[in-house]
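Those sequence lines, one after another, are chains V and U.
Residue 232 in the numbering used here sits at position 234 of the first sequence; the count goes up by one each step and never skips.
Residue 219 in the numbering used here sits at position 221 of the second sequence; the count goes up by one each step and never skips.
For the record, the hints were derived by calculation from the structure and aren't laboratory data.
Among the clues, some could well be false.
Any copy will do: because identical chains look the same in the list, a pair fits if it lies in one copy or spans two.
Said to hold, decoys possible - Derived SDA-like pairs (lysine to any residue); straight-line CA-CA distance at most 20 angstroms:
no., residue 1, residue 2
1, Lys15, Leu229
2, Lys26, Gln125
3, Lys26, Gly37
4, Lys15, Pro167
5, Lys15, Asp64
6, Lys15, Glu230
Number of protein chains: 2
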Amino acid sequence: MERTRLSFIVDHPVVAKQWSEAMARAGKRVEILVKIDVGFHRCGLDPDSRDTVATIREMAALPGLDFRGLLSHAGQAYHAHSEDGLRLMAEAEVRTMSDLASWCRAKGLAVDEISLGATPPARFSLQHEGFTEYRPGNYAYFDRTQVALGAATIDDCALTVMARVVSKPATDRIILDSGSKTLTNDGARGFAPAPGYGVILRHGVPDDTLLIERLSEEHATVKATTGSTALEPGDRVRIVPNHSCVVSNLVDQAWLVDGDAVEPLPIAARGRIT
Amino acid sequence: MERTRLSFIVDHPVVAKQWSEAMARAGKRVEILVKIDVGFHRCGLDPDSRDTVATIREMAALPGLDFRGLLSHAGQAYHAHSEDGLRLMAEAEVRTMSDLASWCRAKGLAVDEISLGATPPARFSLQHEGFTEYRPGNYAYFDRTQVALGAATIDDCALTVMARVVSKPATDRIILDSGSKTLTNDGARGFAPAPGYGVILRHGVPDDTLLIERLSEEHATVKATTGSTALEPGDRVRIVPNHSCVVSNLVDQAWLVDGDAVEPLPIAARGRIT
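Hey, can you work out the whole structure from these sequences and the hints?
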């Protein structure tokens, strides 16, 4: 904490109190951002509850904590049915957070940070004012879900899995060495069609005649929807996964590719899952 | 290879040829087992094809390889609809493999090993003769899928995930620090109902009023179906996951618990995913 600016997200007085006590014991203070539920209904205080500002004030008053502001994640955007749906979610999030910040300020709380963040609605959120930080986490790599949500094109997707054909048991079926332990069992979300467990690239271009229809742990079962494919055992393909975040967590290192230059990038946070 | 008995599974002449050449270059030989597709339609030679015995003979004749026998995995058992379905799948697998071994022997091939293996039908397969090895991989830990398939009871499940309540945003909702990076997004398979992403144990007993209805990467959203739960932030619970195999791959070590004795068990194969 001497060398970095650290802030915690809290949304419950019990947890805030424990952090405060730990900081007080260490003779330190830590910044907190209070999580607000803007519609995903996972964590976060209800912005429409009359108790919410009082709860924020209660946590902000704890001796080991410095209240810094409000934070949200519009995860419901992953379930949007259209561009318009995303646009409306982005507007609603900004309005909800701005309004709540105003109520906090009216009660004497200094709200220095209003932090929003989700990759799918980012292009609409960024057209608004009323927040100080935006955290589009998936933006670093993008993935097939973001393509299906209109947030990226397939060419924007920077993370691919290199897989090898290990069997061809029938003319219309090849087996790749990339199962659920590589691609994860996450389906793609979004309003554009995205069946299967990722999109197979051939020479950098999606081959929509190859459907990754099933994953076992170490195997992908790929159907050639035209009845046959030229791919044979030993051939390699690249796959844009449905969800890049969970894929990175499964490997010790990624490979940065720039033309012919390739260098390893250790995944420092690998397996740091709680 | 000097210190261990190693055998490879092959189901395609191209792959077998490459192994044979690699072994020949190294001045060694390696045992092969030929994979047969007994109904899962992933890898494996078609046992009903008239070409199959010829393909096996072709691979068995390669100079770097020693043909040892046949191998199968009745993965279709995970999609069984009943106990009777499992029983029939077990019978069919044994019969298919025995018949194919006989045809191979009639063509002059020595079939020393007939290796079957899948945890769901194991209790029926083991009532038969006609194979030399059984490989029930999930048997080491079991999991909620095996319970839903009648292969285990919840008390048989040896692997649990310890999770902590990190928020309680509503009386009917708690958030655990075990998301898809811990439990994986694998649903349970089987013919007994098993909704959600694992079963939460309280004092060692399943609490069916707690439904793990959604996973984010680091969060489990748990609904208290009775409208409330006594669990509060800071409390810990154990979860029997839907699929133990993929869960073990996500951690550096498991903890062996025997009464009050606890010791770490490193996951040596972690991330060795291809």
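Okay, the hints, checked on the actual structure:
1. Proximity of Lys15 and Leu229 under a CA criterion of 20 angstroms is satisfied inter-copy only: 17 angstroms between copies versus 59 angstroms inside one chain copy.
2. For a Cα distance limit of 20 angstroms, the shortest separation of Lys26 from Gln125 qualifies neither inside one copy, at 38 angstroms, nor across copies, at 66 angstroms.
3. Taking identical chains as interchangeable, the C-alpha atoms of Lys26 and Gly37 are never at most 20 angstroms apart, the minima being 34 angstroms within one chain and 63 angstroms between chains.
4. In this assembly of identical chains, the alpha carbons of Lys15 and Pro167 lie at most 20 angstroms apart only when taken from different copies (16 angstroms versus 60 angstroms within one copy).
5. Only within a single protomer do Lys15 and Asp64 lie at most 20 angstroms apart by alpha-carbon distance; the minimum there is 12 angstroms, versus 67 angstroms between protomers.
6. Only between protomers do Lys15 and Glu230 lie at most 20 angstroms apart by alpha-carbon distance; the minimum there is 14 angstroms, versus 60 angstroms within a single protomer.
Against the hints set out earlier in the document, violations occur for numbers 2 and 3.
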